[in-house]
Structure formats: structure tokens, C-alpha cells
Amino acid sequence: KNQVEQSPQSLIILEGKNCTLQCNYTVSPFSNLRWYKQDTGRGPVSLTIMTFSENTKSNGRYTATLDADTKQSSLHITASQLSDSASYICVVSAIGQAGTALIFGKGTTLSVSS
Amino acid sequence: KAGVTQTPRYLIKTRGQQVTLSCSPISGHRSVSWYQQTPGQGLQFLFEYFSETQRNKGNFPGRFSGRQFSNSRSEMNVSTLELGDSALYLCASSADGGETQYFGPGTRLLVL
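Protein sequence lines correspond, in order, to chains A and B.
Residue 86 is where the first sequence starts when you use the working numbering, and the numbers rise one by one after that.
Residue 4 is where the second sequence starts when you use the working numbering, and the numbers rise one by one after that.
Note that these hints are calculated values from the structure, not bench results.
Just to be clear, a hint being listed does not mean it is correct.
[Claimed, not checked] Here are the simulated lysine-lysine pairs, DSS-like style, with alpha carbons at most 27 angstroms apart:
hint : chain 1 : residue 1 : chain 2 : residue 2
1    : A       : K86       : B       : K60
2    : A       : K156      : A       : K191
3    : B       : K60       : A       : K156
4    : A       : K86       : A       : K191
5    : A       : K156      : A       : K142
6    : A       : K191      : A       : K102
7    : A       : K191      : B       : K60
8    : B       : K60       : B       : K16
9    : A       : K86       : A       : K156
Please put together the full structure from these sequences, using the hints given.
This is the structure in C-alpha cells:
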């Protein structure tokens, strides 16, 4: 069964600190993996998208890594800011005979405090 | 370029009623996808439309339906509403489905 598991479920860190969010997946056939940031009351915004051959991709203070062998991805946030408080969602895309399927993780809620 | 817009932003309905939600994609985008988001289940894929045709479908009952118009605008309909249909309904557009999706702000539906 295609699944995406994210950990931790929630996280509280101090402003300026770094943190790493995890995403493990059992999705086949794998097409790509995306990380989204969703602020409260808003729609998700894409942070990164990685295909099978990409190991790392950065977007400002956000760096995503992908290990296709172990089927794990991480999102590292450097020097956190209050505005990083949001839900971070990992989405894995699979392409099959029926078309493209998107499998969503339930997200990690990050709270950055001053 | 204007982003994805959804109307209405908030909606209150009672059980048994039906509801229609609207989504206008980014200009030039032909793919529109709909999602349901609840605290317990997270984001769940409803369906995707591309050039007025349903291209992909999630695992939702037939009460959930949609359509896309020639200008790529899309509507989603839920009939015979149930309490469990209370959720944030998000619409996302992309140029061709496989590219990065851009989400709208969502329609928050409350079923009483």
C-alpha cells in the first residue's frame, strides 16, 4: 500500500535554531517527492520538488534531501524564524497505468518561539 | 499573474444539502486538482481535471463530483452532505498536472 509517514507530528523550537523534519515513504512506482509549507488558514506552498536522481535541493533556508534507496526524505530548516511556524507536508507522486497518484503525509506542525 | 482563487471562502450547510465550490486556476494552467483537508486525515486527493476531462480520481464516494469548463475554471459538487464532510477544500492548478501545483486559499465548509 502506498504510504507517506512524517515525523515528528509536531515540533517546538526556539527562533534561530535549526531543525530537521522526516518523511518516509512506501510508494511505487516513484516519480517525485515534494515538500509543501502550509501557513494556518492558507493553501500549501511548494518548497521543493525532487526526482529520483536528485539527492538534495535548496530553497533559501530550506534544504531537502532524498535517499531513494531507503525511501527517506528530510527537510532541514536553518536559522529558523517566527514565520517558519507552519505545517510542512511531504507529498510523493507515483505514476501508474491509472495516471498520476499523489500520496500525502499528514504533516509536521512546526512552532518557532522567540 | 493572479493566483488560484476559490469561492466562497467559508460556507455553512446542514446535513442532506448539497454544495458547489468554485475554483479559478492561474491563467494558462489547464490542470485543476481538488483536495479535502481535515485535521485527522490530512490532505486527501479528490480528483484532477485536465482540458475538461477527469484525468485522475481519488477514493471518495460518488457524492463528490466535479467538472471543468473550457476556460479551465472548475467546480466541485458535494451532494447529500454529511457531518464528516466538514473540511477545508483546496484547489490546485498546474500547467500540466506533473509540474508544481499552486494551491488556492481553500473553502472552509462546515456541515451542521
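Comparing the hints with the structure gives:
no. : hint               : in the structure
1   : K86(A) to K60(B)   : holds, 17 angstroms
2   : K156(A) to K191(A) : holds, 17 angstroms
3   : K60(B) to K156(A)  : holds, 25 angstroms
4   : K86(A) to K191(A)  : holds, 16 angstroms
5   : K156(A) to K142(A) : holds, 16 angstroms
6   : K191(A) to K102(A) : holds, 24 angstroms
7   : K191(A) to K60(B)  : holds, 20 angstroms
8   : K60(B) to K16(B)   : holds, 25 angstroms
9   : K86(A) to K156(A)  : holds, 14 angstroms
In this structure, every one of the numbered hints holds.
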